[in-house]
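Asks: Using the sequences plus the hints, can you model the full thing?
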Amino acid sequence: MAAAVPGGDATAGAWAQPKGRTQAILKYEHMVAENGFDPQGDSQPLPAERRDSALGLFAEYGVTDRLTLQLKADWQDGEDAFVDYEGRGPIEIGATWQVWRDDRNAVSLYGGYANGGEGRNAGYAPPGVGKHDWEARLSAGRSLGGAASRLGVDQPFVEIQAARRFRDGLPDETRLDATVGGRLGRDWLVLGQAFGGAADGGARWLSLEGSVVRDLDRWSLQVGWRHTVAGRETPIARGPVFALWRRF
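The sequence shown stops at residue 248 when you use my numbering, and every number in between is there.
Please keep in mind that the hints were generated in silico from the structure rather than gathered at the bench.
Keeping only pairs whose Cα atoms sit at most 27 Å apart, straight-line, the calculated DSS-like set for lysine-lysine is:
hint	residue 1	residue 2
1	19	72
2	72	27
3	131	27
4	131	72
A quick note: this is a predicted structure, and the numbers were derived from the prediction, not measured.
Replies: Spelled out as structure tokens, the structure:
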């Protein structure tokens, strides 16, 4: 999920891209797990260390001030006790419609289609499992003020996204993601994010991520760390996240 900064150049989720504007984010993540959550939610050692690395692209274009087209794709490689894999991850295309927006609030709807690849199409599934997915997502964001601004955080905001993913070859999923953030001065953005979800009758997960973003004119560099903190039938993965943003 890209960061949303109401009133700024970097937008996504609840805040649609302005007409004619493009944002592209190239992201690399390297996740490692020695333990996993069992069906009861308890931590257990994995048979061997699991590693998952991905180089991904997220791009979006504002067709109008209310309609944004989006593309997501990545290339993955990794290994665990049972498999050593490398290949394309899912490719997803979709569109966000800005349902409502004022000076401080925004609501949007997203619909997307994903075609599964040879990599992991779900974090809890073996590589290559899963074919076609459809997703419907509702996002709501609010630009905050008051105490956060008085503490030196500019343009503070919060955003919540709820989604239902309908999957072919994997169980359907319900997802809930949240982001809080704000600017420290003109060139720094701090983000705290939570990514949660549950597959019907199976895996559950909750990962937390903190990151900082440094703006360099139309470029931005993001550095962060992600860690799985709760779940069932899912690895306890942790590792760094690096991203390069470009606005056109």
